[in-house]
Amino acid sequence: MKEAVKSTRRAYGEALAELGELKEEVVVLDADLSKSTYTNIFAKKFPHRFFNMGISECKMISCAAGLATTGKIPFASTFAIFAAGRAWEMVRLSVGYTNLNVKIAASHAGISVGEDGPTHHCAEDIALMRVIPNMTVIVPADATETRKAVFASAEWRGPVYLRLGRPDIPILFDDKYEFKIGKANVIKEGKDVSIFACGLMVWQALQAIELLEKEGIDAELINVSTIKPLDEETILNSLRKTGCAVSAEEHNIIGGLGSAIAELMGERFPAPLERVGVKDRFAESGPWKELLIKYNLSPQDIKEAVIRAIKRKEERK
Amino acid sequence: MKDKIKELKIIATKLRMDIIEMLAEAGSGHSGGSLSCADIIACLYFSVMRHNPKDPKWRERDRFVLSKGHACPALYAALAEAGYFPREEIFTLRKLNSILQGHPDMNKTPGVEFSSGSLGQGFAAAFGMALGYKIDNNPGRIFVMLGDGECQEGIVWETAMGASHYKLDNLTAILDYNNLQIDGRVSEIMEIAPISEKFRAFGWTVYEIDGHNIEEILWALSPERIVPGKPTIIIARTIKGKGVSFMENQVDWHGKAPSKEEAERALKELREELERMMRDEGSC
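Chains as they are written, first to last, in this note's numbering: chain X, 231 to 547; chain V, 205 to 488.
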């Protein structure tokens, strides 16, 4: 049987069109990428609530803020590098400082954008978004979680950054999966190490866990889909049990989930931590699966990080 | 009409006095650009706009966004005069725990429609407000004030394109064209002329006026000037530092507040102007 796959960006576009039925206040903006972000599904269904801004992300973000002041719930979409990068200062002032009810749904995050290359990759956005006060940062792991995150974002009062990916990845969760903003979910319990992952790295981590099982290592996997606000209690509870950690994200190892975990551990639970992510360098063009391997985002990389973390824990004893 | 014009002139002069007083008390802030837009802001808040200081969030209100946020002393003076908050607050400008921030903050100050100061963003936000009003068939108008130096920002032109594309005739921009920016004359730092032609080419209805002539300001801001299906921009020729002789057309007064002594001199000039206006019916 063929594995069920779907990109998180497609799940977003489909959920948005569903949400449009339920909430009259939802309006959608895009910057000439509606076929890639799948906001075109909403546009077709609700043409009078869809506004193409053309190729002008800065204007789009501040315009979304203006719409929010009139009671709308704007979802603004483009590629992550343009939403979080190019329009960063608009996100900071027009959305963060004002604390307006704007949802920024950014697709093509990470390096799994693939062939378009580093100009269109974005391994910096989690860092850029989480330093903005009032901002909530969500990185769904699969299509199911994305759908639930879209609905939850619409109910959440205030700015949200929703990070989405380009490639078709396995659907990990069924409809019974519970998503709550600010809640990390234990996907698999274990006792030897805590793996904190987000986005498609949750799927990579599940594969790593299979490799680890063969070596007799019992890893716990936690899907930290809300990077901010961070679910400190779930993370600390897991650490108290396992005593060491690995973070895994499709992002620069500087500033993202791994950094958020390191900040928490530094203050509340000093213990060995190994960070899996893009090692502070630009990637390159190529098929996304091959990029994940070359840039150290594979199940094998997670497995090796786990072994290092456990070794460091043992050495401390 | 004559009485109205006289009244607005008096209000504008009072706003200028408040601007000087609050800046002198604050010890920092932007004098020149606050004084240059005082007449336009007086006309907006005390004649043109439909708004209610008792109900700042009234759904169908006209809104004003000060995209050139550094001129907020003029806005604060007008909001206080209109009754959005007690006048005493103006003496807390830029101080700790004040509702009056160095640049406008919509969450701290009643009547401030958008947080602005990073140039260009207020314009794009006003565009979003106009779009929101259109979706809801809200009859309110959105006014937004830009600085001339601000027009050097790319987002201004992204927005100029967007507002005409979406046919936002409920959006009226006012350009406070005083031809000075921090580093010098706008025409020398980065020329924006011919600005009317630029906006016309972007699909806007353009009016050019003397930004200190109350009659011309009221004429240009009247709903009768709106061409259906097009946004409007009023290019208002102004004098930076207007109303205070030693500040007029002086680039150094962009980002400087008057000392106590300078403030007294400025207030004396403005008080004399006010008394002359009250006395001299003919001046209107």
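Everything labelled a hint here was simulated from the structure, so no lab data went into it.
Idealized CB from N, CA, C, for every residue including glycine.
Some hints could be false.
Stated by the list, open to error - As a list, the in silico DSS-like pairs of lysine-lysine whose alpha-carbon atoms are at most 25 angstroms apart:
#1 X:Lys-458 x X:Lys-410
#2 X:Lys-444 x X:Lys-421
#3 X:Lys-418 x X:Lys-444
#4 X:Lys-265 x X:Lys-519
#5 X:Lys-406 x X:Lys-418
#6 X:Lys-253 x V:Lys-258
#7 V:Lys-258 x X:Lys-274
#8 V:Lys-434 x V:Lys-338
#9 X:Lys-543 x X:Lys-418
#10 X:Lys-275 x V:Lys-371
#11 X:Lys-524 x X:Lys-509
#12 X:Lys-275 x V:Lys-338
#13 V:Lys-261 x V:Lys-210
#14 X:Lys-253 x V:Lys-434
#15 X:Lys-444 x X:Lys-406
#16 V:Lys-338 x X:Lys-274
#17 V:Lys-258 x V:Lys-312
#18 X:Lys-471 x X:Lys-524
Said to hold, decoys possible - Covered stretches of chain X (chain V as the covering partner; in silico rule of three or more C-beta atoms under 8 angstroms from a C-beta of chain V):
#19 271 to 282
#20 523 to 534
Now for the hints, and whether the structure bears them out:
no.: 1; hint: X:Lys-458 x X:Lys-410; verdict: holds, 12 angstroms
no.: 2; hint: X:Lys-444 x X:Lys-421; verdict: holds, 15 angstroms
no.: 3; hint: X:Lys-418 x X:Lys-444; verdict: holds, 16 angstroms
no.: 4; hint: X:Lys-265 x X:Lys-519; verdict: holds, 22 angstroms
no.: 5; hint: X:Lys-406 x X:Lys-418; verdict: holds, 16 angstroms
no.: 6; hint: X:Lys-253 x V:Lys-258; verdict: violated, 31 angstroms
no.: 7; hint: V:Lys-258 x X:Lys-274; verdict: violated, 42 angstroms
no.: 8; hint: V:Lys-434 x V:Lys-338; verdict: holds, 13 angstroms
no.: 9; hint: X:Lys-543 x X:Lys-418; verdict: holds, 21 angstroms
no.: 10; hint: X:Lys-275 x V:Lys-371; verdict: holds, 22 angstroms
no.: 11; hint: X:Lys-524 x X:Lys-509; verdict: holds, 11 angstroms
no.: 12; hint: X:Lys-275 x V:Lys-338; verdict: holds, 19 angstroms
no.: 13; hint: V:Lys-261 x V:Lys-210; verdict: violated, 30 angstroms
no.: 14; hint: X:Lys-253 x V:Lys-434; verdict: violated, 30 angstroms
no.: 15; hint: X:Lys-444 x X:Lys-406; verdict: violated, 29 angstroms
no.: 16; hint: V:Lys-338 x X:Lys-274; verdict: holds, 20 angstroms
no.: 17; hint: V:Lys-258 x V:Lys-312; verdict: holds, 16 angstroms
no.: 18; hint: X:Lys-471 x X:Lys-524; verdict: violated, 33 angstroms
no.: 19; hint: 271 to 282; verdict: holds (count 3)
no.: 20; hint: 523 to 534; verdict: violated (count 0)
Hint check: violations occur at hints 6, 7, 13, 14, 15, 18 and 20; the rest are consistent with the structure.
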